[in-house]
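Enquirer: Residues per chain are reported as follows:
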Amino acid sequence: MAAPSVFSMIENPEDTIRFLERLRQCVNRGCRPRIDASGVKRLTPDAIVLLRSRLRPGASYWGNLPLDPSANLLWRESGFLDHVNGNNIVPAEPHGSLRKATSATTEVDDARQLIRVVTQGLFGQPLRSPGSYRTLVECMNNTLNWAGVGEKWWALSHYDLVERRGTFAFADNGIGILKSANISKMLRSLMDAGLRSKTAIVQGLFDGTVRSASNRSNRGFGLPSMKKAAQAGRIRNLRVVSNNVYANISADEYRTMKVSLTGTLVYWELGDTL
Amino acid sequence: MSGITVTIARDFSETPGPRYRTDGKFSGEEFRHKVLLPAFLKARSLGVELLVDLDGTEGYATSFLEESFGGIAREYGATDLERVLQLKSDEEPYLITEVLGYIRDAKPEPAPAEA
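Quick mapping for you: the protein sequence lines, in order, are chains A and B.
Taking this note's numbering, the leading residue of the first sequence gets 1, the next gets one more, and so forth.
Taking this note's numbering, the leading residue of the second sequence gets 1001, the next gets one more, and so forth.
Treat each hint with caution, since some may be false.
[Unchecked claim] FRET-style restraints, in silico, Cβ to Cβ:
| hint | chain 1 | residue 1 | chain 2 | residue 2 | range |
| --- | --- | --- | --- | --- | --- |
| 1 | A | Ser-103 | B | Arg-1010 | 24 to 34 Å |
| 2 | B | Glu-1014 | A | Asp-207 | 25 to 35 Å |
| 3 | A | Asn-28 | B | Thr-1022 | 27 to 37 Å |
| 4 | A | Gln-25 | B | Lys-1088 | 52 to 62 Å |
| 5 | A | Gly-150 | B | Arg-1021 | 12 to 22 Å |
| 6 | A | Asp-82 | B | Thr-1022 | 26 to 36 Å |
| 7 | A | Ser-103 | B | Glu-1014 | 14 to 24 Å |
| 8 | B | Glu-1014 | A | Glu-163 | 26 to 36 Å |
| 9 | A | Arg-165 | B | Asp-1090 | 22 to 32 Å |
| 10 | A | Met-257 | B | Thr-1005 | 45 to 55 Å |
| 11 | B | Glu-1014 | A | Arg-165 | 24 to 34 Å |
| 12 | A | Thr-102 | B | Glu-1014 | 17 to 27 Å |
| 13 | B | Asp-1011 | A | Gln-113 | 16 to 26 Å |
Quick caveat, the hints were computed from the structure, so don't treat them as lab data.
Since the model is a prediction, treat every value here as computed from it, not as a measurement.
Heads up, the beta-carbon is just placed ideally off N, CA and C, and yes, glycines get one too.
All chains should be modelled from the sequences, with the hints used to inform the complete structure.
Expert: Written out as structure tokens, the structure reads:
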């Protein structure tokens, strides 16, 4: 099963989703996929967290790594190899942290550590990043409350000393933003009336003009707060992929894709202000 | 008489969490019950200011803040709360406006539907 040469949800979502969906279906059928990553020439951390989330707990990694040196190094320093068994691939010195939910609660200690690893690596000391902390906790809350019963998350943080960039990727295999129960009812009625498209609804959720949850006035602030954090520079390059919607929240651009992701991916980079 | 100060990072947690206790550690519900509400009631009875310092934590989820401050406003009224409350947030100044919004927009939770 060959990974795409641009293995990246944020840069090549359709091919990456096709690969991940083939992988997911194979795993669900009980087969053991052999992954050929040798042709990957461009890799971003979001693809790694999604790949790990698609493998079974305690899975072995049966496959190879990219021949491209940059992609190879990122894979080995991401922490992916710490979460799979039985391979002879030598990990590189970690440049980040890969964590999974271990309980059905919001894990604030993990949120802190994911950030501290990146800021320690980039700045030499464990600095706080309220924008990233808010985004992580909001993501964990959303998975806990809306992704579906028992759904767990995976989160990865990574720092690149050459690019001077800290990145975060959060993924779950739940039902996605559009399919979460209350949105479906709203979406159905709006679509029946021909009034709203999926991209418009996702945009509305992040703008705060479409309220999720039970439409209660004291709910639905999380997604808009993430967009505000991006607009204010507290986080950068915020991207969300859920169902068949690709959203570049930072650029306020939304589009539908020809393929659909099972679950949700949220990606962002450390902000201009910590 | 001097007022009452609550510093969330010192008096509760450096890692504020989700909305409800059942959702995880250091929830807004827990903060409201254990720290904020007792301080508010004391400040109100003494007629002094309650200063809540938001600095020093890793950050805040919106649901934590809404449950903490909006929760008190739902129970005691926004006016009573704002009469005593002062907020300090030098690290994230926008949080003051945000919290005041939760207080002013706080509405009672809808009653559960009858079976």
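Enquirer: Hint by hint, note whether the structure agrees.
Expert: Against the structure, the hints:
1. In this structure the hint that Ser-103/A and Arg-1010/B lie 24 to 34 Å apart at CB holds, the actual value being about 27 Å.
2. Separated by about 31 Å at the C-beta atoms, Glu-1014/B and Asp-207/A satisfy the suggested range of 25 to 35 Å.
3. At about 30 Å, the beta-carbon gap between Asn-28/A and Thr-1022/B stays in the expected band of 27 to 37 Å.
4. Hint check: Gln-25/A to Lys-1088/B, Cβ distance near 53 Å, so the stated range 52 to 62 Å holds.
5. The given range of 12 to 22 Å is respected by Gly-150/A and Arg-1021/B, whose C-beta atoms sit roughly 20 Å from each other.
6. Our hint of 26 to 36 Å for Asp-82/A and Thr-1022/B holds, since their Cβ atoms are close to 30 Å apart.
7. Range check, Ser-103/A to Glu-1014/B: about 20 Å between beta-carbon atoms, so the 14 to 24 Å window is met.
8. Glu-1014/B and Glu-163/A have their C-beta atoms about 30 Å apart, which keeps the hinted 26 to 36 Å range intact.
9. With their beta carbons about 27 Å apart, Arg-165/A and Asp-1090/B fall inside the hinted range of 22 to 32 Å.
10. Checked against the hint of 45 to 55 Å, the C-beta distance between Met-257/A and Thr-1005/B comes to roughly 51 Å, which is consistent with it.
11. For the pair Glu-1014/B and Arg-165/A, the beta carbons lie near 26 Å from each other, so the given range of 24 to 34 Å is met.
12. Take Thr-102/A and Glu-1014/B: their Cβ atoms lie about 21 Å apart, and the range 17 to 27 Å holds.
13. Evaluation of the 16 to 26 Å hint for Asp-1011/B and Gln-113/A yields a pass: the beta carbon distance comes to about 23 Å.
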